[in-house]
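Colleague: Sequence lines, in order, name chains A and B.
Its first residue numbered 1, the first sequence is counted upward by one per residue in our numbering.
Its first residue numbered 1001, the second sequence is counted upward by one per residue in our numbering.
Since the hints were derived computationally from the structure, they do not count as laboratory data.
Since this is a predicted model, take the numbers as computed values, not measurements.
There's no promise every hint is true.
To be verified - Straight line, CA to CA, 25 Å or less: simulated SDA-like cross-link-like pairs of lysine to any residue:
1) LYS1053(B) <-> GLU209(A)
2) LYS225(A) <-> PRO1188(B)
3) LYS354(A) <-> LEU1104(B)
4) LYS1219(B) <-> GLU1050(B)
5) LYS1219(B) <-> LYS122(A)
6) LYS354(A) <-> LYS1219(B)
7) LYS1082(B) <-> PRO1188(B)
8) LYS225(A) <-> ASN1102(B)
9) LYS122(A) <-> ASN99(A)
10) LYS1053(B) <-> TYR347(A)
11) LYS225(A) <-> GLN1125(B)
As the list claims (entries may be wrong) - Beta-carbon label-pair distances, calculated as ranges:
12) ILE219(A) <-> MET1015(B): 32 to 42 Å
13) ARG331(A) <-> LEU1097(B): 54 to 64 Å
14) GLU247(A) <-> LYS1130(B): 40 to 50 Å
15) THR149(A) <-> LEU1258(B): 49 to 59 Å
16) TRP1014(B) <-> SER330(A): 21 to 31 Å
Said to hold, decoys possible - Reference excerpt, derived from the structure (chain A facing chain B, CB under 10 Å, subset only):
17) GLU221
18) ALA228
19) LEU338
Heads up, the beta-carbon is just placed ideally off N, CA and C, and yes, glycines get one too.
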Amino acid sequence: MKRKVMLICAVLAGLMFGAVLTGCGGSGKKQESNVLKVYNWGEYIDEDVIAEFEEETGIKVVYDTFSTNEEMYPRIEADSSLYDVICPSEYMVKKMMENDLLQPVDWSKLENGGNLNQAYMKILSDQIDPGNKYMIPYCWGTVGILYNTTLVDDTVDSWDILWDEKYSGSILMQDSVRDAFMVAEKKLGYSLNSTDPAELEACQVLLKEQYPLVKAYVIDEVRDKMIAGEAALGVIYSGEYLYCKNENPDLQYVLPKEGSNVWYDGWVITKGCGNVDAAHKWIDFLLRADIAYRNFEYITYATPNKAAEQYIDEEILSDPGVFPDEETLSRCEMYLYLGQDAEDMYYEYWKKVK
Amino acid sequence: MNKRKLLSLPYLVWMIGFTVIPLLMILWYGFQKKTGGFTLEHVLAIARPEHLKPLLISLLLSVICTAICLVIAYPLALILRKANLKKSSFVIFIFILPMWMNFLLRTYAWLNLLDDGGLVYVLMQKMGFKGNIVGTYSAILLGMVYNYLPFMVLPLYNAMTKIDDFTLNAARDLGANERQVNLHVILPLTFPGIVSGITMVFVPSLTTFVVSDLLGGRKIFLIGNIIEQEFSTASNWNLGAGLSFVLMIFILVSMAILNHYDTLGEEEEA
Chain A
1 MKRKVMLICA VLAGLMFGAV LTGCGGSGKK QESNVLKVYN WGEYIDEDVI AEFEEETGIK
61 VVYDTFSTNE EMYPRIEADS SLYDVICPSE YMVKKMMEND LLQPVDWSKL ENGGNLNQAY
121 MKILSDQIDP GNKYMIPYCW GTVGILYNTT LVDDTVDSWD ILWDEKYSGS ILMQDSVRDA
181 FMVAEKKLGY SLNSTDPAEL EACQVLLKEQ YPLVKAYVID EVRDKMIAGE AALGVIYSGE
241 YLYCKNENPD LQYVLPKEGS NVWYDGWVIT KGCGNVDAAH KWIDFLLRAD IAYRNFEYIT
301 YATPNKAAEQ YIDEEILSDP GVFPDEETLS RCEMYLYLGQ DAEDMYYEYW KKVK
Chain B
1001 MNKRKLLSLP YLVWMIGFTV IPLLMILWYG FQKKTGGFTL EHVLAIARPE HLKPLLISLL
1061 LSVICTAICL VIAYPLALIL RKANLKKSSF VIFIFILPMW MNFLLRTYAW LNLLDDGGLV
1121 YVLMQKMGFK GNIVGTYSAI LLGMVYNYLP FMVLPLYNAM TKIDDFTLNA ARDLGANERQ
1181 VNLHVILPLT FPGIVSGITM VFVPSLTTFV VSDLLGGRKI FLIGNIIEQE FSTASNWNLG
1241 AGLSFVLMIF ILVSMAILNH YDTLGEEEEA
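Excised from the complex, chain A in its bound form (with noise of 0.2 Å):
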């Protein structure tokens, strides 16, 4: 009897793998004439959006996501041509304009170009992508701090309030290697991609001194516990605040004084597109107001997208955390790819921290 029940349970594992197997097969292997093949972030759309692209232009959409750069690199390194489409984010696209896997976008193709933030174009273009040929942002935020207004009674504006012993036991930071030390240096007045030792020792003494306030080191869980209540302070994405102040009417966001990280994704095409025109009617479509509206909707994070801010309530335009002031913004720097010494380097420090 048991061995029967063992066997039947064996070949319903076998039958639903073998299920996802061809499942997996199936899909991109369908040549089609008018075929763009896009990659995206995952839950980085309303699906209904890709829907209603395929009914306007008559091009089907084949959609596959990734959840880190580092794993949709290689994957395009080997063969450009496997995606036509991509929404890297911008140390990414940079990395990649360098290894020449990319081309320029067509902007005259774009009918909705102008619906771009041109601040933002220009943060861009002065950082990352000179002339703003490679990349059309599509969303964008910044690392800050989430406080929970019944539980801390101070103005949080610094990223100082983290070191402050009266929330002991209470602070969440990141359990990323360059989003801590971003808040130390920071704090410190270094720029966020430093590779001084003297400067990356200060930051890991800085933080050491901060461990034994700290209640966890976390990655997605910030959501959930300070969602929860479960701790007063938390260094988190801005794109996630929306979200939690939907569940947690208590929650705050703030983009410290003394600036931040600021990051953008943004779409690009890749050297070996087959299918150029698409690739533009996708941009151009996602670039439209209403379009970029319902995107910022179902994603939650910042759009820089200037003419979908009609459609955007004004308590939520308003609020600094989701749209933080410029001059905040501008003391706000993206990360850059520091090379393998100063990545060791920054590892160095922070297995000392622990």
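Given chain A, put chain B in place with the hints provided.
Modeller: Same frame as chain A, but now just chain B:
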């Protein structure tokens, strides 16, 4: 002869592909400079304080964990031996049951129980404990013992049930009291079970990084976390492989010691 060789082929492929080659790759990476060329740097890196401390904590925690598992599991196996077969297989079934659920989920469940507002947390506060044990060594130890206890129970139970009642009766007929039966008959006969139980608990708890990640609030680095970080986010495979190599040596040495005692036991029997 040829047929028999053919039958062993899948196992050979398996062993070479999934054990021998990966091991060689660890050696290859571990003894190689990032720029190429032989170096001992990554292996000797274990002596650096930021690596040595996690290693010592890991060793200490896994020794304590193994001891606790043994202390819990041995009397249980002893009791189950005396119970009738139906009853004891039911108890064993209950002990194995949590393993039907994913390891990660079980540890997550503990995190929810122990963290602020969790059931165990509330009970502990009521009993007068202050603070939250998530992020401490106790939480990690609890997670280890909970997850690895079945690996101790099973081999001990198997070793116990293999002992023939006649053997024990013979000992009693020859005048041994219960204490002497337990100490001089059952204990030596279950020694192989103890050894495999220890190995099966000690090795995974020495190398774990999931338990310490979840229940340690990522505040505590065990050697497993260091190695995991080198491979995943730090992308320093050479250092990761070098440290893995050292860890393997620790495991091999402890297994060699255990085996030594195991064979001693057998000799005594003979």
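Colleague: Taking 49 to 59 Å as the hint, is the beta-carbon distance of THR149(A) and LEU1258(B) inside that range?
Modeller: At 57 Å between Cβs, range holds.
Colleague: Do GLU247(A) and LYS1130(B) keep their Cβ atoms within the hinted range of 40 to 50 Å?
Modeller: violated, 29 Å
Colleague: Hinted pair, alpha-carbon criterion (25 Å max): LYS1219(B), LYS122(A). Please report holds or violated.
Modeller: violated, 40 Å
Colleague: Between ARG331(A) and LEU1097(B), is the Cβ distance one that fits in 54 to 64 Å?
Modeller: Cβ of ARG331(A) to Cβ of LEU1097(B): about 56 Å, so the range 54 to 64 Å holds.
Colleague: Taking the beta carbons of TRP1014(B) and SER330(A), is their distance inside 21 to 31 Å?
Modeller: violated, 59 Å
Colleague: Is 32 to 42 Å right for how far apart the beta carbons of ILE219(A) and MET1015(B) are?
Modeller: The hinted range 32 to 42 Å holds for ILE219(A) and MET1015(B), with Cβ atoms some 36 Å apart.
Colleague: Taking only the CA atoms, is the gap from LYS225(A) to GLN1125(B) under or equal to 25 Å?
Modeller: Roughly 19 Å between the alpha carbons, so the hint for LYS225(A) and GLN1125(B) holds.
Colleague: Using 10 Å as the Cβ threshold, decide whether ALA228(A) counts as touching chain B.
Modeller: The hint holds - ALA228(A) has a Cβ within 10 Å of chain B, the shortest such distance being about 7 Å.
Colleague: So if I understand the rule, the pair passes when the alpha-carbon distance is 25 Å or less; does LYS1219(B) with GLU1050(B) pass?
Modeller: holds, 14 Å
Colleague: Given a cut of 10 Å on the nearest C-beta pair, is the interface hint for LEU338(A) held or broken against chain B?
Modeller: The hint is violated - LEU338(A) has no Cβ within 10 Å of chain B, the shortest such distance being about 13 Å.
Colleague: For the pair supplied as a hint, LYS225(A) and PRO1188(B), is the alpha-carbon distance within the 25 Å limit?
Modeller: Roughly 50 Å between the alpha carbons, so the hint for LYS225(A) and PRO1188(B) is violated.
Colleague: Compare the distance between the alpha carbons of LYS225(A) and ASN1102(B) with 25 Å, and conclude whether the hinted pair is satisfied.
Modeller: This hinted pair holds, its Cα atoms lying about 23 Å apart.
Checked against the numbered hints above, the structure violates hints 2, 5, 14, 16 and 19; every other hint is satisfied.
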